[in-house]
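Visitor: The lines below spell out each chain.
Protein chains: 2
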Amino acid sequence: MRIAIDAMGGDAAPDMNIQGALEAAREWPDVEIILVGDEAKLKPLMTEIPSNLRVQHASEVVLPDDEPVKAVRRKKDASMVVAGRLVKEGQADAMISAGNTGALMATGLLVVGRMPGIERPALAPMIPTVDGKGVLALDLGANMDATPEHLLQYAIMGSVYRNKVHGLTKPRIGLLNVGTEEMKGNELTKGAFPLLKEAPIHFVGNVESRDVLQGNCDVLVCDGFVGNILLKTLEGTAGTIFSVLKQEFTSSLLSKLAAAVLKPGLSRFKKKLDYKEHGGAPLLGLNGLVLKSHGSSDARAIKNAVRQAREALKNDLVGSISAEISGKGAVQ
Amino acid sequence: MRIAIDAMGGDAAPDMNIQGALEAAREWPDVEIILVGDEAKLKPLMTEIPSNLRVQHASEVVLPDDEPVKAVRRKKDASMVVAGRLVKEGQADAMISAGNTGALMATGLLVVGRMPGIERPALAPMIPTVDGKGVLALDLGANMDATPEHLLQYAIMGSVYRNKVHGLTKPRIGLLNVGTEEMKGNELTKGAFPLLKEAPIHFVGNVESRDVLQGNCDVLVCDGFVGNILLKTLEGTAGTIFSVLKQEFTSSLLSKLAAAVLKPGLSRFKKKLDYKEHGGAPLLGLNGLVLKSHGSSDARAIKNAVRQAREALKNDLVGSISAEISGKGAVQ
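One line per chain: the protein sequences are S and W, in this order.
421 is the number that my numbering gives to position 117 of the first sequence; each next residue is one higher, with no gaps.
525 is the number that my numbering gives to position 221 of the second sequence; each next residue is one higher, with no gaps.
Read the hints as simulated data drawn from the structure, not as lab findings.
If you're wondering where the values come from, they're calculated on a predicted model, not measured in any experiment.
Everything hinted at is true.
Identical copies look the same in the list; a pair holds intra-copy or inter-copy alike.
With a straight-line Cα cutoff of 20 Å, these simulated EDC-like cross-link-like pairs (lysine to aspartate or glutamate) come out:
1) K576 / E539
2) K618 / D397
3) K494 / D449
4) K574 / E539
So here's chain S without its partners, still in its complex pose (with noise of 0.2 Å):
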C-alpha cells in the first residue's frame, strides 16, 4: 500500500515529517511511502532512505493562511495538493497531511473528489473521553450546515470507520442533542432521530454535551457548526481550567511542594484529554483516504497517521463505506 505524506504542512515541517516519514517506513516494510515537497529542502535533511519511501518534488506549499479553495486551485503544485492528485490517480492509496485545515478539505473536494453517493464528506476526529478510549465525532467542521440526510450519511460513515480501523463490532452511535428523549432537539435533529433509527447501524439515541467526556457513545453525529462548537468548548473549558490550576500551584511554596505530589496524577488525566493521542482525523465520503494530522504533529503523531491508514487500507474502509452507502454493505 502506499501513502503520501505532505512533508511541508504542518508546525513542525519538514523536519517532524520527514522523521516520521522514516520510522514509519522502517517498521512497516509493507507500506510504500511516497514523501511529498521540496526535494532540495527534503533530501539534505536525509542521511539514509529506506528503499520503500520516496520524494515526489512539489515546488510550492500551501500556507495555514491562505484562503482554502484559492490556494488549492491556484496552487497547483503544492505539497497537499500533489499528494491529493496521486490519490485522485491512483498512484497513492492513502495521503496525510498535518497542514491547513480548511485547504485540506477542499484538496479532499475539488482534487480527490467525492464518493459517489456521499452528499457532503465529514471530516472526523476523535474527541478524548475521560476512560481514555475516544469518541469519533462528525462532522467536526468540513460542512457548517447539514440536512437530516447528511447526519445519516455521517452517521453510516462513523459507524463503518470505527469497525474496520479501530475493531469495534457494534459501535455505538450517538446524536448530540440537548436532551436525551426522542423529541429534544432542533428541526435537524427531529429529522435525523428517525433516519438514524431506521438505519443499519447501532444508533442509542440521543447524548447530551455534558456527557461526552463520559464516553457513552462510540460515534458521535452532529453537523459541523454544532461539532466545532463543542469541541472548541472543550478544549477551551479544560486549557482555562489547567491553566487556573497552574497559577494557584504555583502561588506559593507550600503550593509547589503540593502540586509536586499531586503532578504525576494529573499528568495521566491531562494526557488523556489530549486529542494528540488520539491519531489523526479521517475526512470521510471520498474517493480515497485522506488523513488529517494535527498541526503541531511531532514524528510521533506523523507514524501514528501512517499506522491509522494502514489499518483503514488493509480492511479496505474506503470500499466499505462506499458499498455501505450504496446499500450492497452488510448490516453491521
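With the hints as your guide, set chain W onto chain S.
Guide: This is chain W only, laid out in the frame that chain S set:
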C-alpha cells in the same frame, strides 16, 4: 413594586422559597412580595409574616417531569401559572420561579404573553467567566431554531438587560461562531452578522466558544440549540475535570495532605465557575418580567432573584426593551 414568587417550584420548595421570600421582604420594604402556593402548606411554615408579604392561594403544582405546554394549559391553578396570571393581569410587576424551565417558558408565552414586535422570547442566563464577571448568553433554550432576525432581537434585548440591570454603559455584544472572521459560520450566523453590525448596539463581532470563559464579551448571542450545547459542554467538562481531580486528590494520604494545601484556591475558582452565583435567568421578550431561578435554589438564590427583579423594575427593563425593539429607544 409587586413581585410574585412561585412558592412550590424548585428542589427545595416550599421551605427555601418561603425563607428567601421572607428575607427579601424584610430587606426591601419598597417591594411587595406575593408568595403563590398552597396556603395550607405555606402558612404553617411562617411564624411571622412581614406586612409587605402576602400569600396568594394556588391549589396545584407544576411538577419537574410535567410536559410543559400540557401542564400550563391544564393546571390552571398551579402556583407557577397563577403567578404568571398575576403579571398578565397587572397585579404583579414580576414573577420568579425555580420550577420546571420548560413550563415556565410556556407560562411566559401562553399566560404572560409576548411583547409586541418580539418574534421569540429568549432565556438568558449568565455564563460564568474566569474574571468572575460572567456573560449573559441568549438564547439558551427557549427556541431551538432561530432566524438571523431572531438573533438580532436577542442581541438588542441582551444589550438593554446588561445596561438596565447590571449598569454596563456599552455592553459588548458577541456572536457565537466557529471563527472570528466576518464570513465564518453557518447560514444563520452569516445572515445575522450584517444585521448585528447595523444594529444600535456595541457589536464586537464573532466570538469563538473556546474564548467564552475568558469573558471577552458581555452578551453572547446564539440560537437555543447551540447555546444549550455550549452551556452543557462547559458544565460537563468542568464537572468531569473537578471530579477526576477529587479522585486524584484523595488517592493517598500524601495526596490528601497536598490537596488540603491547594483547597482554598481551588474552592475560590470553583465558586467563580458556579452559575448559581449569578442569580436567575430572565425570560426576555415577554409582556412582563419573568425570572427563572435555578432548580436547586436555596433561600439566598431566591432572595438574589428578588434583588435582580427589583433592579430590573426600578430601571424599567421591560419598557426599555419594548422601546428599543420598536425603534423608539435611544442608541446605547
